[in-house]
Amino acid sequence: MSELSEIEHDALTEIANMAVGRSAGVLNEMIGLEVALSVPRVLILDQSNLPEHVGNLQGKELTLIQQGFDGPLSGLASIAFPEHKSLELVRLLLGEEMSLEEVVELEQEALQEMGNVILNSFLGTFGNEFGVNISSEIPKFHKDMDAHSLIGDTGETGVSVIFIHVDFCVRAENIDGYLVLAVSIPTMKNLETLVKSYVEKLG
Amino acid sequence: MYQTLLVVDDSKVSRMMTKKIVTQINPDALFVEAAGGEEALSALGANVVDAAVIDFHMPGMDGLELVEKVKTLQPDLPVVLLTANIQKEIKERAEKLGAGYLTKPAKLEDLEAFMAG
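So the sequences go chain by chain: A and B.
Just so we're aligned, residue 1 is where the first sequence starts under the numbering used here, counting upward by one.
Just so we're aligned, residue 1 is where the second sequence starts under the numbering used here, counting upward by one.
Wrong hints could be hidden among the right ones.
[What the hints assert, rightly or not] No more than 25 Å apart at the CA atoms, straight line, and that leaves these computed lysine to aspartate or glutamate pairs for DMTMM-like:
| hint | chain 1 | residue 1 | chain 2 | residue 2 |
| --- | --- | --- | --- | --- |
| 1 | A | 140 | B | 38 |
| 2 | B | 19 | A | 34 |
| 3 | B | 20 | A | 88 |
[Unchecked claim] Some residues of chain A that are not near chain B, with every Cβ distance over 10 Å (derived):
| hint | residue |
| --- | --- |
| 4 | 34 |
| 5 | 42 |
| 6 | 49 |
| 7 | 99 |
| 8 | 106 |
| 9 | 119 |
| 10 | 125 |
| 11 | 137 |
| 12 | 196 |
| 13 | 200 |
Hints were generated in silico from the structure; no laboratory data involved.
Note that CB positions come from ideal geometry on N, CA and C, so glycine has one too.
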């Protein structure tokens with residue numbers, strides 16, 4: 001991100017914060033309970049430096065929802081839920097009246113839909129702020145993944161990653177966990193152009 | 001208030017969530033479900049529905065393509081695009097096709113306004 005000035009980097013971080021806020025809002029609407037969030041940690045880094053930043057996610061089993069996106073910006077957006085909390089989140093989403101068997105049966109579809117809404121909300125905020133259309137693919141569900149899977153297998157060098165980590169807590173149900181968004185962007189030049197234009201418009 | 005609703009979404013969970021809210025609005029509501037565009041068009045040919053709620057992101061035919069086809073077949077059928085995609089362009093394209101636009105997660109008051117006609 002050395003191509004961005006301090007103010008441009010600040011603008012990108014601010015848009016990421018807006019996007020996280022909106023994503024948290026939709027999570028709150030979906031489960032119908034207050035979701036307490038920590039201040040998001042927003043980092044923009046080269047993917048080769050990601051391992052040193054995933055910190056407390058190292059060695060943990062994650063449920064991942066990943067969605068490719070294309071347009072003026074292209075890449076992969078991921079959301080991770082702690083695996084041992086997955087079923088509790090699904091129960092919150094579908095309602096208490098569901099049996100355990102039904103919750104287990106619908107776990108993948110429910111988390112996929114939750115990821116779909118959160119990721120689209122996140123990417124849509126970037127699209128709206130930059131005034132461009134970002135098209136996204138159907139989200140994919142992955143279980144038993146680790147933190148390195150967050151950025152997918154890009155097979156490319158020089159790929160940048162917007163990495164956002166938020167701790168969340170649903171106090172009413174004693175569920176705590178984390179929500180991680182990793183957006184890998186091979187088209188970093190395009191992002192830089194969009195950010196510069198965004199800052200210019202701010203005057 | 002619409003009675004029979006076509007609900008199109010590749011996610012079974014999303015269809016369940018939509019039906020749950022609509023049933024709160026109209027406990028007598030009936031549903032015709034489809035998991036994709038082609039299935040929705042077949043369902044539309046085989047059933048009489050009062051309105052349609054259509055997802056955008058679906059494998060194969062996307063929601064806007066489906067809205068266009070539905071509007072060609074039944075121009076007066078009230079249709080709303082229910083999508084997680086919050087981008088303005090999607091809203092504009094839906095409205096240009098004569099469909100409403102709602103964002104996921106679906107909210108009771110939004111669907112209530114749509115159901116009221």
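Check the structure against each numbered hint from earlier and tell me which ones fail, lowest number first. 8, 9, 10, 11
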